[in-house]
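Asker: Since the structure of chain L is already known, use the hints to place chain P on it.
Residue numbers (this note's numbering), protein chains in the order written: chain L, 1 to 252; chain P, 1 to 227.
Read the hints as simulated data drawn from the structure, not as lab findings. Warning: the hint list may mix true and false statements.
Cross-link-like lysine-lysine pairs, in silico, BS3-like; alpha carbons within 27 angstroms at most [as the list claims (entries may be wrong)]:
(1) L:Lys237 to P:Lys91
(2) P:Lys68 to L:Lys233
(3) P:Lys153 to L:Lys237
(4) P:Lys91 to L:Lys241
(5) L:Lys233 to P:Lys91
(6) P:Lys194 to L:Lys241
(7) P:Lys19 to L:Lys233
(8) L:Lys241 to P:Lys120
(9) L:Lys237 to P:Lys13
(10) L:Lys237 to P:Lys118
Take a look at the letters that make up each chain.
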Amino acid sequence: MDANVIISLNNVNFYYGQNRALTDITMNFRKNKVTALIGPSGCGKSTLLRLLNRMNDLIDDTRVEGDIIYEGKNIYSPDIDPVEIRKKIGMVFQKPNPFPKTIYNNIAYGPKLTASNTGDINMLVEQTLKQAVLWDEVKDILNQSAMKLSGGQQQRLCIARALAMKPDILLMDEPTSALDPISTAKIEELIEELKKDYTIIIVTHNMQQAARISDETAFFYLGNLIEYNKTEKIFTKPDVKQTEDYITGRFG
Amino acid sequence: MEERRHTSSHYEKELQEIKNDLIYMGTLTEKSIKMAMESLTERDSALAQKVISADDEIDRCDAQLEEKCIRILALRQPTAIDLRFITTAIKITGHLERIGDMAVNIAEKAIQLNEEPKLKPYIDLPRMSGMVIEMIRNSLDSFINENLELAEKVRQQEQIVDDLNEQIFRELLTFMLNDSKTIQRAIYIMQVSKNLERIADHSKGIADMVTYMVTGESVRHQEQSAD
Numbered sequence: 001m002d003a004n005v006i007i008s009l010n011n012v013n014f015y016y017g018q019n020r021a022l023t024d025i026t027m028n029f030r031k032n033k034v035t036a037l038i039g040p041s042g043c044g045k046s047t048l049l050r051l052l053n054r055m056n057d058l059i060d061d062t063r064v065e066g067d068i069i070y071e072g073k074n075i076y077s078p079d080i081d082p083v084e085i086r087k088k089i090g091m092v093f094q095k096p097n098p099f100p101k102t103i104y105n106n107i108a109y110g111p112k113l114t115a116s117n118t119g120d121i122n123m124l125v126e127q128t129l130k131q132a133v134l135w136d137e138v139k140d141i142l143n144q145s146a147m148k149l150s151g152g153q154q155q156r157l158c159i160a161r162a163l164a165m166k167p168d169i170l171l172m173d174e175p176t177s178a179l180d181p182i183s184t185a186k187i188e189e190l191i192e193e194l195k196k197d198y199t200i201i202i203v204t205h206n207m208q209q210a211a212r213i214s215d216e217t218a219f220f221y222l223g224n225l226i227e228y229n230k231t232e233k234i235f236t237k238p239d240v241k242q243t244e245d246y247i248t249g250r251f252g
Numbered sequence: 001m002e003e004r005r006h007t008s009s010h011y012e013k014e015l016q017e018i019k020n021d022l023i024y025m026g027t028l029t030e031k032s033i034k035m036a037m038e039s040l041t042e043r044d045s046a047l048a049q050k051v052i053s054a055d056d057e058i059d060r061c062d063a064q065l066e067e068k069c070i071r072i073l074a075l076r077q078p079t080a081i082d083l084r085f086i087t088t089a090i091k092i093t094g095h096l097e098r099i100g101d102m103a104v105n106i107a108e109k110a111i112q113l114n115e116e117p118k119l120k121p122y123i124d125l126p127r128m129s130g131m132v133i134e135m136i137r138n139s140l141d142s143f144i145n146e147n148l149e150l151a152e153k154v155r156q157q158e159q160i161v162d163d164l165n166e167q168i169f170r171e172l173l174t175f176m177l178n179d180s181k182t183i184q185r186a187i188y189i190m191q192v193s194k195n196l197e198r199i200a201d202h203s204k205g206i207a208d209m210v211t212y213m214v215t216g217e218s219v220r221h222q223e224q225s226a227d
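So that you can see chain L by itself, here it is in the shape it has in the complex:
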């Protein structure tokens, strides 16, 4: 596999019961890049995102075919522990979902299960909150409940929480759709910073957001990957007419 590729899908099909939600998807995600998944509701983009860290395992009566190769192994092999996968491939959801705990414990909760001493954890909390550009806003209120933070702060806390597990890849499912423009801008700036150290795959309904922050964009329609190209190409001269119709609002 190309050294720039961090995770790759080979002929992946996915079924909810009898319904095929993804059809024969083959694509490579590149390391330290932001890849945006776009397409109308029901096109399979969120399903694909959740496949990448086995979140769909939690839904009954679903089935995966094909290979998703990460670190040389199919993540759906019987010998792979999905919990380990989810540590390396973290996820941030549409609505901020902090634990009903203190800000400190939101970050520390995961690492505490594995770390050997509290000093390391304190450092990790500070480091990840700094990475998520939240430290200055919360450093004096670490023992306050995370639920008291604003929506934008909560979402950055969720990103910090995901970073605390030291993942390779961050999956983001419409991470700003519940946020105001200022909070959205902060998250977008954060994403650009984070791609130096992480690979980010983001589902977004906001075309301008995809155009602003991603390096590569994949357009899905009815469970098919229609076009996967550099973002600049997709938004100036896409190769496929269907992509052009969608991003210019000529769909339906």
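Answerer: Only chain P this time, still in chain L's reference frame:
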């Protein structure tokens, strides 16, 4: 190419309006060139004055079109074909505005030439102006219909106009060499010819933008770098 309509009919209407405005502006510039040339060949200085005052309307169209395009950029944030369409429209309005100015230049030279005895019958200049008017029309048709062949035709016509301009230049040179009293008038005629040649350049500029709009590839400055 099958054309699908925007989900937003208002947006669709705004884009259509840009097309209509450019066609209108193209019609005005064609008319100005025709009138300017007629004022020269028919020695009608009053007509030349009309060309000069008609330029205000072309300038007004240019300003209004630019404003509409900027508004769409700001409010609709166009992408892909819509983005290429709007950037092309902004360039085209600039070219048409300059073409209008050149029609004014020709009208001004006509007024000066009409005050002197006719130097020679005008044969090549009307041929040239006929061709540049066709070029403007072709370039705008290629824009409206996304017609690459027509855009290519404009590029070829531009070469013919260049050749005509050089031919006129050489012919006028012989007049000037034979009789120094013709120099002033010959220079004015050369300037008319030069202005027509510049109009052809602007039409080619429009055609090049159309090629960019349709293919996403820039063809501007290609011949220059090949020379």
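Asker: So, for every hint listed, does it hold in this structure?
Answerer: Against the structure, the hints:
The hinted pair formed by lysine 237 (chain L) and lysine 91 (chain P) meets the criterion: a straight-line CA distance of about 18 angstroms does not exceed 27 angstroms. Our distance criterion of 27 angstroms between C-alpha atoms is met by lysine 68 (chain P) and lysine 233 (chain L), whose separation comes to about 26 angstroms. Distance restraint check for lysine 153 (chain P) and lysine 237 (chain L): the Cα-Cα separation of roughly 24 angstroms lies within the 27 angstroms cut-off, and the hinted pair is therefore satisfied. Distance check on the hinted pair: lysine 91 (chain P) and lysine 241 (chain L) sit about 25 angstroms apart at the alpha-carbon level, within 27 angstroms; holds.
For the given pair, lysine 233 (chain L) sits about 21 angstroms from lysine 91 (chain P) by alpha-carbon distance, which is consistent with the 27 angstroms threshold. A distance of roughly 43 angstroms separates the Cα atoms of lysine 194 (chain P) and lysine 241 (chain L); the hinted pair therefore is violated under the 27 angstroms criterion. Simply put, lysine 19 (chain P) and lysine 233 (chain L) have alpha-carbon atoms about 25 angstroms apart, close enough for the 27 angstroms limit, and the pair holds. Taking the CA atoms of lysine 241 (chain L) and lysine 120 (chain P), the gap is near 56 angstroms; set against the 27 angstroms cutoff, the hint is violated.
Note on lysine 237 (chain L) and lysine 13 (chain P): the hinted pairing holds, with a Cα-Cα distance of about 23 angstroms set against a maximum of 27 angstroms. A C-alpha spacing of about 54 angstroms is found between lysine 237 (chain L) and lysine 118 (chain P), which places the hinted pair above 27 angstroms, so the restraint is violated.
Taken one by one, the earlier hints fail for this structure at numbers 6, 8, 10, listed in ascending order.
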